[in-house]
Every structure is written in structure tokens, then in C-alpha cells.
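Student: Residues per chain, in single letters:
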Amino acid sequence: MPRVAVRGILARRLVVFLLASSLAACATYAPPQAWEKGDLAKPAMQFDPDPLAAKLEQHVYTSKEATTGGYGVGGGGCGCN
Amino acid sequence: MKVLWRYVLLVMLACMTHGASAAAPAPGETAPPLALLDAHGELVSLEQLRGRVVYVDFWASWCGPCKRSFPWMNDLQRRYHARGLTIIGVNVDKRRGDADRFLQQVPSTFTIVFDAAGVTPNDWGVRGMPSSYLIDPQGRVAMVETGFLDERKAAIEARIQKLLDAN
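So the protein lines, in turn, are chains X and V. Take the first sequence: its letter number 78 is residue 78 in this note's numbering, and every next letter is one higher. To get this note's numbering, take the position in the second sequence, counting from 1, and add 81.
Derived by calculation from the structure, the hints in this document are not laboratory data. Virtual Cβ for every residue (Gly too), placed ideally from N, Cα, C. Among the hints, erroneous ones may be present.
[Claimed, not checked] One side of the interface only, derived from the structure: several residues of chain X facing chain V at Cβ under 7 Å: (1) Ala34; (2) Ala41; (3) Phe47.
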């Protein structure tokens with residue numbers, strides 16, 4: 001095999017190894033400490049920033065989509081339960 | 082190439098050591114150091130307070146139970162300060178403005194110090210918000226509390242009284 005080709009293969013393997021090892025290293029990142037959760041506690045970080053709106057939306061969705069599963073509650077699509 | 086390897090090793094090491102925090106001091110152990118500035122820029126340290134019973138409370142503006150704990154701590158301060166209790170509230174907010182807004186809503190009569198860098202909570206092994214540590218007059222940890230629970234108030238107060246009586 002020509003020397004250049006061998007070098008190319010080695011370089012590619014090295015790149016793959018570097019990527020893999022850097023991934024492994026970052027797997028040891030600890031979750032945020034108790035005092036570092038200020039940003040996570042913001043309303044904008046919630047799944048549902050507006051609980052009332054989310055509840056209404058879910059009610060309508062459940063009523064309309066009950067036949068396809070919805071949130072697991074029965075209903076015929078009348079929106080009355 | 083050698084330089085590259087060294088770099089990779091360094092990155093991996095840095096990743097691994099990141100986030101390693103001290104364990105919370107067990108009751109009976111000497112409390113970790115605490116020396117922080119208050120709102121007036123004056124240094125407050127645990128060492129100055131040897132001979133007094135100290136209640137160290139780590140709090141943040143975004144923590145709901147912390148808000149509930151302030152009136153109770155104000156009450157403790159009012160009733161026991163003269164007998165030898167000092168309460169220190171360590172704020173751990175990254176932005177000072179957040180803490181100031183909180184204090185406008187929920188004023189404190191006890192000392193508040195600020196640690197935006199999070200060095201002290203790390204040294205003290207804080208596991209939750211709020212976390213409190215009762216320190217005896219010799220500077221040893223007497224009690225560690227994580228969270229603020231109404232049903233724990235009486236036990237904490239009883240312990241404070243006991244330490245004050247023994248002092």
C-alpha cells in the first residue's frame with residue numbers, strides 16, 4: 001500500500017478516536033448543583049409556561065381526539081367532558 | 082502529535098474533575114470556612130463569630146421554600162439574637178439584582194452575604210435549596226438541614242435553645 005494512503009487511514013482513525021473519546025469525557029459532566037439552578041427555575045424553562053392555558057388546551061385536545069387515544073380519557077368529540 | 086495527545090488527555094481530565102463538590106460536613110465536624118461580603122461590602126466570617134451559635138442558611142431568589150423560611154428566620158433572630166444566636170443568609174444567586182428584588186419583597190433582619198461564584202455552597206456540600214447548618218460556639222456543625230419543612234422548625238429551634246443554654 002502506498003505510504004500516503006496508510007497515513008490517510010491512520011489520520012481518519014485518529015479523528016474517529018478523538019471524537020469518541022471526547023464524547024466519553026463529557027459523559028462525566030455532573031448535573032447542575034443545587035445552587036446553580038436559577039436559570040432552570042425560570043417560568044420560561046417549564047414545559048408549560050402557562051398552566052391554565054395548558055389545561056384548557058389539553059381538555060379540548062382530549063375531547064376532540066379521544067377516539068385516537070388522546071390523553072386516555074373517553075369522549076365522543078362533543079367537548080362536554 | 083504528542084502535543085495533540087497531551088491536549089486530549091487534558092480535556093478528558095478537565096471534564097472528569099469538573100463538578101466534583103465537597104461532601105456536606107457531618108455533625109460534629111468543624112464547619113468549612115465562610116468569609117463573604119455583605120451588602121455594605123463588609124466581611125462577615127464564621128471565625129469572627131466563635132463563641133456564638135450560628136445558623137447558616139444558603140438561599141436563592143428563585144427558591145420558593147426560601148421565601149417561606151425568611152419570616153421564620155427573622156423571628157428566630159428577634160427572639161434569640163440577644164442570647165447569642167447569629168443568623169447568616171448566604172445568597173447564591175448569579176445576578177445580584179435577583180437577590181435584591183427578593184429582599185425587597187421578603188426583608189430580612191439578619192445578616193445577608195453574597196456568593197455569586199458558588200464557592201461556599203460547594204465547600205459546604207449544599208445538596209438542596211435552601212440548606213441550613215447550625216454551628217455551635219466552638220465552630221462545629223451541630224445540625225444539617227436540607228430544604229425548609231414546617232415540621233422541622235420545632236426541632237431546629239429546640240436544638241438552638243439547647244446550644245444557647247449550654248453556652
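Student: What hint numbers does the structure not satisfy?
Tutor: Result: hint 3 breaks, nothing else.
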